[in-house]
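With the sequences and hints as input, model every part of the structure.
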Amino acid sequence: MSGGEGTREASVVEAQALSKRYGPVEAVRGIDFIVRTGERFGFLGVNGAGKTTTMKMIYCRIAPSAGSLRVFGLDSAAHAMAIKRRIGVVAQESAIDPELSVNENMLLYAAFFGMSGARARLKADELLRFVGLEGKGKAHIRELSGGMKRRLSIARALMNDPELLVLDEPTTGLDPQGRLLVWEKLSLLRAQGVTLLLTTHYMEEAARLCDRLVIMDAGRIYAEGTPAELIAQYAASDVLEIVGDAAALPDPATLDGLVRRSERHGETSYLYTDDGPALLGRLGALGFESRRHVARPATLEDVFLNITGRELAE
Amino acid sequence: MSLRTYAAFFSPNARHVFRRNLLAWRKYAWSSVTINFAEPFVYFLAIGFGLGSYVRLGGQTRFVSFLAAGLLAALPMNSATFDAAWGVYERLNTSGVYESMVTAPVDPREIAAGEYLWQAFRALLYGTLFLIVMALFGLIASPLALLALVVVTLTGILFAIPAVALGATVPYQEQLFYYFSIVITPLFMVSGVFFPLDRLPVWARDVIWFTPLYHAVNAVRPLIAGRPTVGTLGDVAWLVVFIALFMALPMARLRKKLAS
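Those protein sequence lines, which keep their order, are chains A and B.
Each residue of the first sequence is one higher than the one before, starting from 1 at the first, in our numbering.
Each residue of the second sequence is one higher than the one before, starting from 1 at the first, in our numbering.
Hints may be right or wrong, so weigh each one.
Derived CB-CB ranges, DEER-like [what the hints assert, rightly or not]:
#, chain 1, residue 1, chain 2, residue 2, range
1, A, A63, B, Y6, 20 to 26 angstroms
2, A, N47, B, K257, 21 to 27 angstroms
3, A, R129, B, K27, 23 to 29 angstroms
4, B, E39, A, H140, 27 to 33 angstroms
Just so you know, the hints here were simulated from the structure itself, not pulled from any lab data.
Cβ coordinates follow ideal geometry from the N, Cα and C atoms, glycine included.
Shown next, in the form of structure tokens:
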């Protein structure tokens, strides 16, 4: 791959040994990943994992301290302006200009990409319609709800027809209805061939929106795969959660290999199994009766817990 | 200082940043005009006519016309300083306006250039209004007074430079008040706006020579009176050189904040 004009390639972002250091703090510690063209790629992790720093390096807001980062095949430090022209950014705090109207926000942003006049106005109308803000063009920003502002920043980020849309925690702070609306719009974008790169600390969001994802913690990437692959590899198909009763619980090793692994966090024991009903039956046969237990399919939450030893939900 | 510094002034993005401020300003234009005009106008009436009736300057000059020209020269210092320092701090740290600008292909130097252009516009607008009032009071001697607006505009750009730099630097917005009260207010008092400096000790005049408002006042007053000299040109040159020398500094501050 050569520098200069990037073309449509198999991958949109390629990072190798990518690091970012702020003084003594190493926010990102040598990560490798590839985002392929047209996919929805996610970074799952808790706050402080280094997700936002990674996103900022990708949209050329900050320069990497070490390692290589290529976006559209272009070196991110040397070709920041060329990359910015082809990227859309929905930053964590919707940085919508509070002193401008909805339309003014859209058109000012368009102007920075050299778009003006009727072409920019038509595009702005089309995008406001797309995110369900039609008729809100003249509205003041303070009249908008949190969810509307987030959708406005998505619309604004699409003004330059980006090939890659970077969303940093696109639904954090939204109510369930607002979150659903954002998810719906992102699914539509994916169908239009836009590559989506997003960060989240919601397991459900990652499972629902991402074709592939990485699990990030303390500046490192610990696992990578499709949600199903990650669950199969790091959890099991089912989880039996037993609250309390730890002393009475039989040693998992004695359960006929039904338990692939087990964990204890606080009051709760987690038994990972590929056959939930069989495990419950076996426990019952051994005379163990739990007053409080839940049997459920394994999720990314379990994967996260297994890999990092920490819970994702706050 | 590179060519990029100067090129930023002529970039389309600097114009868009200017237009962004214009759009925001339009929503509170009347209060802004009132505030920026009312302050010098109150000085003009109270000190010019009130105190001025007790003051005799040497020669033919009436105190009120002496003061009015000084207030016109000082007006862009006040209009640029408060608006740029406060506004830049806000757009950089609070409202995320700059943060979203640099997700588009915008160079922080272009943002600074747009802020300078904006302060040039404000200085020209408020200066013109004040000049009209001076004309209504019969204080304009010659059409050369229109050239004073060039000096006023330059002064707006000049004072935008430290204001943008500070707005892009201080950690807390309230710290800007140190600059307003320790630098701007004394400059307003000792630069020859309210009284001629010829009775000050030489050392004091030498110190004041190194401050910008003094030269703005020195350039505006003869233009209003219709009697510019070679010295007037020297004062304008002083302002231009100051701008050329320090223009890049706030640009570097903004780049540090928005591209690292």
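Here is how each hint holds up against the structure:
Roughly 25 angstroms separates the CB atoms of A/A63 and B/Y6, a value that falls within the hinted 20 to 26 angstroms. As the Cβ distance of A/N47 to B/K257 is approximately 23 angstroms, the hint placing it in 21 to 27 angstroms holds. A hinted range of 23 to 29 angstroms for the beta carbons of A/R129 and B/K27 is consistent with their spacing of about 25 angstroms. For the pair B/E39 and A/H140, the supplied restraint of 27 to 33 angstroms holds, since their beta-carbon distance comes to about 29 angstroms.
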